[in-house]
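Undergrad: Each chain, letter by letter, is given below.
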Amino acid sequence: NAGVMQNPRHLVRRRGQEARLRCSPMKGHSHVYWYRQLPEEGLKFMVYLQKENIIDESGMPKERFSAEFPKEGPSILRIQQVVRGDSAAYFCASSPRWRDGVNSPLHFGNGTRLTVT
Amino acid sequence: TQLLEQSPQFLSIQEGENLTVYCNSSSVFSSLQWYRQEPGEGPVLLVTVVTGGEVKKLKRLTFQFGDARKDSSLHITAAQPGDTGLYLCAEAGYNFNKFYFGSGTKLNVKP
Numbered sequence: 001n002a003g004v005m006q007n008p009r010h011l012v013r014r015r016g017q018e019a020r021l022r023c024s025p026m027k028g029h030s031h032v033y034w035y036r037q038l039p040e041e042g043l044k045f046m047v048y049l050q051k052e053n054i055i056d057e058s059g060m061p062k063e064r065f066s067a068e069f070p071k072e073g074p075s076i077l078r079i080q081q082v083v084r085g086d087s088a089a090y091f092c093a094s095s096p097r098w099r100d101g102v103n104s105p106l107h108f109g110n111g112t113r114l115t116v117t
Numbered sequence: 001t002q003l004l005e006q007s008p009q010f011l012s013i014q015e016g017e018n019l020t021v022y023c024n025s026s027s028v029f030s031s032l033q034w035y036r037q038e039p040g041e042g043p044v045l046l047v048t049v050v051t052g053g054e055v056k057k058l059k060r061l062t063f064q065f066g067d068a069r070k071d072s073s074l075h076i077t078a079a080q081p082g083d084t085g086l087y088l089c090a091e092a093g094y095n096f097n098k099f100y101f102g103s104g105t106k107l108n109v110k111p
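Quick mapping for you: the protein sequence lines, in order, are chains A and B. Reading the first sequence from the start, the letters are residues 1 to 117 in our numbering. Reading the second sequence from the start, the letters are residues 1 to 111 in our numbering.
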């Protein structure tokens, strides 16, 4: 029973490079959420995806950031032309179905810590 | 955007002490979840509360949901070093497209 798998755990990029963060949801889960966390802070919602569809991307910066969840393979959060302010921990969570707020809690991965030098 | 306020922001106590942390909002919660996050890991769900006035117990943890569903508390009895972590409350938006998280209470229990 593998949990939510994120890789890499740590990623170092120079300013201007691209960062690709991968998330494999729990088996049977078709809903994926990406959150960002700065040190000593809570999680900020970025995007909610189902297979092949972006449902809600209201928390995602309009430029440089994109996300996908293809029919096959992991969900990808892509950050182009990274800047120092992108340094943070990025967490992926999955749930099995449309959440009713009660019976479908979020299952989180252990995050990717992005450092931009 | 739902704004969740958690207090205190930091808490450092000795093993064996009791503590309470709080989560408040100016709006009514549809439902509320409490998570614990340990350093280097993702948050793990502790409990979901739905009904105003609800009380749930998880071993030494007691969760209360305010009657008006605008506040919640987490009480830990006889804290242990293993309770150390970041405690986060989260509320589902009414369309359940996202969960809004508070900024958390960072708890340190010293042996």
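It is possible that some hints are incorrect.
Said to hold, decoys possible - Taking lysine-lysine pairs in the BS3-like style, the calculated list, with each CA pair at most 27 Å apart, reads:
1. A:K44 / B:K70
2. B:K106 / A:K44
3. A:K62 / A:K27
4. A:K44 / A:K27
5. B:K110 / B:K70
6. B:K56 / B:K70
As the list claims (entries may be wrong) - Partial chain B-side listing against chain A, Cβ under 8 Å, derived:
7. L3
8. Y22
9. E41
10. Y100
11. F101
12. S103
13. G104
Worth flagging that the hints you see were computed from the coordinates, not collected in a lab. The beta carbon of each residue, even a glycine, is placed where N, CA and C say it ideally should be.
Undergrad: Hey, A:K44 versus A:K27, does the alpha-carbon distance stay inside 27 Å?
TA: 25 Å, holds
Undergrad: Should the interface hint for B:E41 be scored as holding, given a Cβ-Cβ cut-off of 8 Å against chain A?
TA: 5 Å, holds
Undergrad: Straight-line Cα separation of B:K110 and B:K70 no greater than 27 Å?
TA: 32 Å, violated
Undergrad: Should the interface hint for B:Y22 be scored as holding, given a Cβ-Cβ cut-off of 8 Å against chain A?
TA: 14 Å, violated
Undergrad: Tell me if the straight-line CA distance from B:K106 to A:K44 falls inside 27 Å.
TA: Given that 27 Å is the threshold and the Cα spacing comes to 17 Å, the pair holds.
Undergrad: If you take the shortest Cβ to Cβ gap from B:G104 to chain A, is it below 8 Å?
TA: 5 Å, holds
Undergrad: CA of A:K62 to CA of A:K27, is that 27 Å or under?
TA: 31 Å, violated
Undergrad: Mind checking the alpha carbons of A:K44 and B:K70 for me, to see if they're no more than 27 Å apart?
TA: It holds: about 20 Å lies between the C-alpha atoms, which stays within 27 Å.
Undergrad: Taking the closest Cβ pair, is B:F101 under 8 Å from chain A?
TA: Hint on B:F101: holds, closest Cβ of chain A at ~4 Å, below 8 Å.
Undergrad: Verify the interface restraint on B:L3: the C-beta must sit less than 8 Å from at least one C-beta of chain A.
TA: Status violated, d = 11 Å.
Undergrad: For the hint on B:Y100, does the least C-beta distance to chain A fall short of 8 Å?
TA: 7 Å, holds
Undergrad: Quickly compare the C-alpha distance for B:K56 and B:K70 to 27 Å and report which way the hint goes.
TA: Given pair B:K56, B:K70 holds - Cα atoms ~17 Å apart, limit 27 Å.
Of the numbered hints given earlier, the model fails hints 3, 5, 7, 8; all others are met.
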